[in-house]
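Peer 1: Chains as they are written, first to last, in the numbering used here: chain A, 1 to 203; chain B, 1 to 448.
Accuracy of the hints is not assured; some may be wrong.
Stated by the list, open to error - Subject to a maximum C-alpha distance of 30 Å in a straight line, what follows is the list of computed DSBU-like cross-link-like pairs (lysine-lysine):
1. B:72 x A:76
2. A:129 x A:16
3. A:76 x B:89
4. B:72 x B:133
5. A:76 x B:321
Note that these hints are calculated values from the structure, not bench results.
As the structure is a prediction and not an experimental result, all values here were calculated from the model.
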Amino acid sequence: MLTLPEQSGRARSAPKFRSLGLPPVAPELQRAVEHFYHGEAELLDDWEWRAWVELFTADAHYRMPIRRNRLRRQRKTDEADDLGGLEVAHVDDDRTSLDMRIQQLESGMHWAEDPPSRSRHLVTNVRVKAAALDDGTPVEGEYHVRSNFLVYRNRLEAEVDVWAGERRDVLRADDGATGFRIADRIVLLDQNLVLSKNLSVFF
Amino acid sequence: MDINDRLQELVDWEHGLIGPEIFIDDAIYRRELEALFGRAWLFIAHDSMLAAPGDFLNTYMGGDPVLAIRQKDMSVRVFLNACRHRGMKICRAEDGNARTFMCTYHGWTYNTAGELINVPNLDTAYFNELDQKRWGLVEVAQVAQYKGLWFATFDPTAPPLEEFLGDMLYYIDAWVDRTPGGIEVLPGVVKWTIHGNWKLGAEQFGGDGYHAVITHASSLGTFDPSFLRDIKGIEFASRQGHGYSMIFDRMTRFADDPLGRYNQEQVPERLERLGPDRANTVGNFTVFPNLSGLPGSANLRMWHPKGPNEFEIWSWTIVDKDAPEEVKRAQRTSAAFTEGAAGVVETDDGENWDLIGQMLERGVQTRKMAWNYQMGHGHETDHDPVYPGRVLRNYFGEGPQRAFYRRWLEFMTSDEWPRTAPAEPERVEHEAGELALSRKGALRADAS
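Given the sequences, and given the hints that come with them, work out the whole structure.
Peer 2: Here it is in structure tokens:
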């Protein structure tokens, strides 16, 4: 019997930050983060989902909120705000449920992705900020990163989807080969009504 | 050929044969908007989606945008979301709270009762000659609610809502009335688009348990193989076009924590309120024509038509109003995992519906090929000792689909609002407590 894990131990999620006016991070760090994202995109586009999910920490949280059309005065100040976890979401996964999605992809019976979609993940506008606690104390080896994505999907004969959006990540420096691991990811898909038949690819 | 004759030929529900032209033909779709969506009771909102006076919700009735607004007296009124001047939407927010709605084209402004309360330059442009009282928003013909579920119809001759819902009420009660506090809908709607016909979704939720074993082999069948093995349940088909595939002895698809624990704790209360025949079940249903849900997954949804070959799914998550907040959050997490555009279950439904739509769009021969709706034909009864409606004591069957298209055909070909024969006499309710006692040993909160 399947058990979905409880929500405790939720990773800190990357707050929205304004990059303009922040001092640029060291070129080596900027380059290392971008290198990591290029490698991550490669795994997704090569259908290496198992290797991809290993980039997430054990306590990772991966969330894709819905986007709202609201009156000016009732609009959320941050689109990633999920009203204390009560607003419905496109994705609200932790590492266990992410692993289950990989299990589904590997089952050979996930017809939405079998045969798999041809995808191309383009990751740009990478903005890196050293993570800090509310009082300003730096968190060693942890980074808040905002980046933009454009994901192209082509499926079966003639199906095309193009999704644009933003990722807000908490990256943790990692001694392993990949350099970083993803402790938290918020995906802001730039659609209110999702214009495709499903969201069966990862962002 | 006359369109009525054509429809009769395409929908041979008695023999379980449907011509797929009804899923793609433009003339049939235009007729559908008028004859079906212009007359049937359509779901608008649950009480909790319009909690306070001034709360509004933008939704659709068939092809038309409507604005549902909670009034000061807590009634709900539903208006066409179209300015009387040039037909522009007067409200473009999907939900919120407002006292007035100003059309952003020329500024005509309406209050929550739909009255036109301000017209810019009334003096210099209209010489004060415009009779504002005559230019309020167009209102639907009837609004009614059943246990917090609000419906509306454009047809003043439509019979009362409860007659329309008919024997479906017994099954609706199983998920709206299982706790004293009732249900509420979590904030937000997951909306996505299928390039196919809306009836593909509606008919599947009404009765197609058959697809789950294969379509959802990678999710339901992989994460919990016991879920789809030896499924015990029934199929309910209503003369009013509604349907329900019910699985016994399950409460949720997944034993989520703390959701699973909560559901376990709720068993006695649910048994008390609903009796053993409904308390411990999950399933999928369609309230004719385009409201569906998955009681086991706390899901409620609309299939909004957007053309013969396109529809939108609007998907909500329902929770017990009195449940602790952590349970509601867990329900949200569980719903996001299984349902919605990115849900592990639902992604595979999209693959089917969308590709069927593509084939019908381009094909000619594929449109001529009748589809088979014959499963379970002749094995149903209208006199089940427990369950109202036409019942098949088997989880697999297509009775609900046949009933759906029978009713659809009546709406499509009838000049008058198509009333059916009066409902059968009220069946005798079981003594819930007594039966609960005798069957207690067999009840489980979830499969183990």
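Peer 1: Going through the earlier hints one by one, which of them does the structure break, listed in rising order?
Peer 2: Every hint satisfied by this model.
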